[in-house]
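Number of protein chains: 2
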Amino acid sequence: MLTQTIKTELTDIVGKERYLDKTAELACFSYDSFTEEAMPEAVIFPMTTREVSRVMEIASKYKIPVTGRGAGTSVCGAPIPVKHGIVLCFTKMNKIIEVNTPDRYIIVQPGVVNINVQKALIPLGFFYPPDPGSMTSSTIGGNIAQNAGGPRCLKYGVTMDYILGMEVVLASGKIVRFGSRNVKDVTGYKLASLFCGSEGTLGLVTEAILRVVPQPETQKTIMVIFDDLDNTAKAVSDIIGSGIIPAAMELMDNASMNAIEDAVGIGFPRDAEGALLIEIDGIKEACEKQTKQIIEKAKKNGAVSVQEAKSESEREKFWNARRSAYGAVARIAPDPISEDVTVPVSKVPEMIRRIIEITSRYGLKVSVVAHAGDGNMHPVIPIDRSNTDQRLKVEKAFAEIFKVAIALGGTLSGEHGIGLGKSKYLPLAMSKDSIEFMSVIKKAVDPDEILNPGKFV
Amino acid sequence: MLTQTIKTELTDIVGKERYLDKTAELACFSYDSFTEEAMPEAVIFPMTTREVSRVMEIASKYKIPVTGRGAGTSVCGAPIPVKHGIVLCFTKMNKIIEVNTPDRYIIVQPGVVNINVQKALIPLGFFYPPDPGSMTSSTIGGNIAQNAGGPRCLKYGVTMDYILGMEVVLASGKIVRFGSRNVKDVTGYKLASLFCGSEGTLGLVTEAILRVVPQPETQKTIMVIFDDLDNTAKAVSDIIGSGIIPAAMELMDNASMNAIEDAVGIGFPRDAEGALLIEIDGIKEACEKQTKQIIEKAKKNGAVSVQEAKSESEREKFWNARRSAYGAVARIAPDPISEDVTVPVSKVPEMIRRIIEITSRYGLKVSVVAHAGDGNMHPVIPIDRSNTDQRLKVEKAFAEIFKVAIALGGTLSGEHGIGLGKSKYLPLAMSKDSIEFMSVIKKAVDPDEILNPGKFV
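Sequence lines, in order, name chains W and X.
Using numbering that gives the first Met the number 0, you'd call the opening residue of the first sequence number 0 and step up by one each time.
Using numbering that gives the first Met the number 0, you'd call the opening residue of the second sequence number 0 and step up by one each time.
Think of the hints as simulated: they come from the structure by calculation, not from any bench.
Ideal Cβ placement from N, Cα and C applies to all residues, glycine included.
Just to be clear, a hint being listed does not mean it is correct.
Distance ranges between label pairs, derived from CB positions [as the list claims (entries may be wrong)]: (1) Gln3(X) - Ser438(W): 36 to 42 angstroms; (2) Lys298(W) - Asp261(X): 54 to 60 angstroms; (3) Ile114(X) - Asp261(W): 52 to 58 angstroms; (4) Glu313(X) - Lys283(W): 43 to 49 angstroms; (5) Lys283(W) - Ser312(X): 27 to 33 angstroms; (6) Glu315(X) - Ser430(W): 45 to 51 angstroms; (7) Gln214(X) - Lys94(W): 52 to 58 angstroms; (8) Met0(X) - Lys62(W): 40 to 46 angstroms; (9) Ser241(W) - Ile114(X): 24 to 30 angstroms; (10) Ala37(W) - Asp11(X): 50 to 56 angstroms; (11) Ala398(W) - Asp11(X): 39 to 45 angstroms.
Required output: the full structure, derived from the provided sequences and hints.
As structure tokens, this is what we get:
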């Protein structure tokens with residue numbers, strides 16, 4: 000309970016205009032893009048690291064739960080304040096502090112939206128590779144908390160691979176810094192990596208030094224269509240296995256293609272079982288050579304159509320089709336549930352077959368989109384949540400899907416995170432001792448368990 | 000003190016032949032490639048994870064210090080058992096467990112030598128990028144403990160960037176696993192990254208899943224010589240700043256070049272102030288294009304000679320010169336002391352000037368070799384350790400050099416580690432609260448402080 004005394008102490012720090020506690024205001028911060036919700040007692044918008052530190056000193060003194068929040072685009076419930084207390088919303092800490100392309104880094108506050116990092120870099124010939132689906136709205140702080148991925152992470156790696164250093168406010172309010180501006184740095188533990196992906200349970204990132212890379216000279220975008228899903232998956236393995244590393248390799252199955260066709264009408268044949276959107280980038284001559292190799296391998300694996308984007312607008316059209324997949328499925332039923340299992344790439348064909356087999360056994364529809372080159376698959380089941388029977392079937396189906404993924408050498412979550420939705424499945428992927436070890440770290444770092452309590456640790 | 004009871008319990012696990020405790024035997028495990036030494040009371044060679052676990056159970060019961068060891072090539076004293084106790088030497092846990100190039104990983108025991116990982120992969124068209132100078136003898140377990148770098152880490156990243164998952168034995172003897180075979184995996188904390196670079200102070204890695212990458216189609220190797228050191232460094236910034244990412248970019252200054260010339264006679268002009276060994280790799284057409292760009296930029300920055308390796312043997316000759324630098328300096332004085340500061344690449348010219356200014360002020364010689372593309376510099380001071388005055392001067396000079404590196408936005412160590420040598424300088428690079436946070440982690444994970452005690456944490 001936030002008493003009047005506590006409220007006064009908190010508003011003394013941030014002022015009344017950056018402290019919300021009216022029910023209608025709070026409701027906006029009670030949910031994310033996951034399916035549950037919980038009300039905070041107050042929402043605070045810090046502007047500086049010092050303010051975050053002072054808020055945490057008070058939270059620590061009174062043992063008030065604190066849940067960090069960026070844009071609220073999480074799909075696993077990570078920023079939902081299940082134990083109520085304070086939501087610390089970082090959207091006003093949105094300054095780019097330094098752009099240094101000669102030394103290949105950018106320093107940002109956590110509330111900077113991913114796309115604004117790109118906008119600062121592109122005119123200088125650089126970019127920041129992690130590109131989650133939410134990149135036009137999600138913040139770097141949220142991307143770090145969730146170790147966000149995205150399509151081009153196939154070639155470039157995920158958020159963690161781009162964190163050089165960070166400033167963090169601990170549960171106690173203490174301010175610590177790890178890492179530096181240097182790619183090579185073995186000074187002490189690699190603690191920036193520990194906070195990355197910790198879903199706000201260990202500390203609050205108040206500044207991040209991100210590695211940036213030069214924009215490739217050019218890119219090529221190819222849409223390949225198969226009448227057989229197995230062939231689609233085989234083409235993925237064949238291309239990846241040959242040593243080509245595309246910048247992205249997105250797979251859509253028949254259900255996704257039909258949903259996309261209904262929604263945006265790109266010209267997908269209705270009976271095709273699989274499509275691959277492949278993008279490669281780099282030096283012009285290399286891209287041309289690899290495009291030929293990819294087309295050759297696609298045809299060898301039975302592609303019925305191969306289209307190379309001839310212009311930037313055609314490229315946009317291809318990507319728009321892929322990006323619209325989730326929204327397109329949402330037109331089929333009000334509550335599409337998207338999952339996020341990952342398997343080694345050679346297991347993609349089997350995993351897709353098993354997903355289809357399991358869901359059809361429960362009488363459920365499924366569409367599969369995947370960042371196929373790294374085995375990260377998003378099966379989407381369109382349901383109506385008010386239908387309890389359907390909801391239970393979905394839960395059972397996904398539980399089976401998770402088990403299969405792990406049996407194939409895969410993992411519970413490739414990029415969405417554990418959050419609220421998946422903590423009960425952790426024992427499928429991790430031993431009791433390994434889970435307990437996470438608790439040892441959590442308890443040492445946040446002894447009163449005030450940072451995003453009630454989640455996976 | 001290892002009593003007879005403890006000895007019996009330990010030999011019950013590994014047998015007498017894998018338990019050493021004679022002084023002459025122990026002496027071999029009292030030092031690494033750093034300058035200090037300390038005797039263990041016993042050396043144990045485990046063969047399985049279970050054996051490591053059982054040894055740790057006993058160590059934990061009797062609170063015996065345990066220091067992990069691979070090939071002993073560390074240059075910072077990391078495996079020196081300063082608190083005595085047991086050295087756990089992993090050289091007999093040297094099996095490659097699985098090679099899976101379609102899914103781009105290799106699973107190894109910690110005692111596998113880095114070069115043997117390469118040998119298993121190269122016939123399959125793949126390789127494991129981290130290439131520390133010690134790669135022909137250092138083990139993967141040691142590489143992970145130290146988060147090893149190397150020349151081609153400029154393009155490919157360091158050890159941590161290639162750890163997908165690992166099995167670890169904790170101080171208690173418990174066996175835990177983090178990560179998986181999947182590049183994208185956000186299931187729980189990124190704890191594999193925490194152990195990487197922790198210098199054996201948090202746990203003992205007993206198995207590692209390493210990411211592997213396709214071998215590039217071709218490579219080009221160029222040796223560029225400058226009569227001016229400043230121009231050498233400017234060429235580095237110019238090439239890196241333009242967006243080219245060489246596979247390696249090694250800088251040698253006049254003193255290094257002369258030492259190399261005396262040792263291996265490669266034909267370096269005696270008065271040249273700097274040389275750059277630049278290697279690029281990738282698709283043939285891309286390499287040709289970038290070679291031209293690099294040569295152009297080198298000439299624009301005043302290169303007096305540009306040689307492209309025309310054959311594999313010429314490439315080897317260039318690399319042999321670079322690799323011999325340390326040994327060559329060792330011919331000047333018995334105890335060359337090599338350091339490992341790193342600065343943002345745009346600060347390389349200033350850092351080199353300051354290194355020369357500081358060392359000459361103390362009347363010391365210095366030669367500088369650097370992985371210049373990522374700002375990782377190895378100034379080497381040739382001294383005679385028996386000369387106390389010289390030793391003190393070196394210490395003072397390096398303390399000044401560290402301060403300058405940090406003032407320039409750099410870090411204490413790029414790839415060698417903190418170990419024994421640099422823990423006293425940590426407060427230059429990290430705040431009191433940040434150092435204390437490392438201790439919080441250490442104490443939670445290893446409450447009796449038995450894992451590699453007496454080091455930086």
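Distance restraint hint 43 to 49 angstroms, applied to the beta-carbon atoms of Glu313(X) and Lys283(W): For Glu313(X) and Lys283(W) the Cβ distance comes to about 29 angstroms; the hint is violated.
Against the range 54 to 60 angstroms, how does the distance between the Cβ atoms of Lys298(W) and Asp261(X) compare: consistent or not? Holds: the Cβ-Cβ distance is about 59 angstroms, inside 54 to 60 angstroms.
Per the hint of 45 to 51 angstroms, is the separation of the Cβ atoms of Glu315(X) and Ser430(W) within bounds? Distance hint for Glu315(X), Ser430(W) holds at roughly 47 angstroms.
Range hint 40 to 46 angstroms: satisfied by the CB atoms of Met0(X) and Lys62(W)? Holds - the Cβ-Cβ distance for Met0(X) and Lys62(W), about 45 angstroms, lies within 40 to 46 angstroms.
Please test the hint of 36 to 42 angstroms on the beta carbon pair from Gln3(X) and Ser438(W). 38 angstroms, holds
Between the beta carbons of Lys283(W) and Ser312(X), is the distance compatible with 27 to 33 angstroms? 32 angstroms, holds
Using the beta carbons of Ser241(W) and Ile114(X), state whether their distance is inside 24 to 30 angstroms or not. 26 angstroms, holds
With 50 to 56 angstroms as the target window, see if Ala37(W) and Asp11(X) comply at their CB atoms. 54 angstroms, holds
In this structure, is the beta-carbon distance linking Gln214(X) and Lys94(W) contained in 52 to 58 angstroms? Since the Cβ atoms of Gln214(X) and Lys94(W) sit about 43 angstroms apart, the hinted range of 52 to 58 angstroms is violated.
Between Ala398(W) and Asp11(X), does the C-beta distance stay in 39 to 45 angstroms? 44 angstroms, holds
Range hint 52 to 58 angstroms (beta carbons of Ile114(X) and Asp261(W)) holds or violated: 56 angstroms, holds
Hint compliance for this structure: hints 4 and 7 are not met, and every other hint is.
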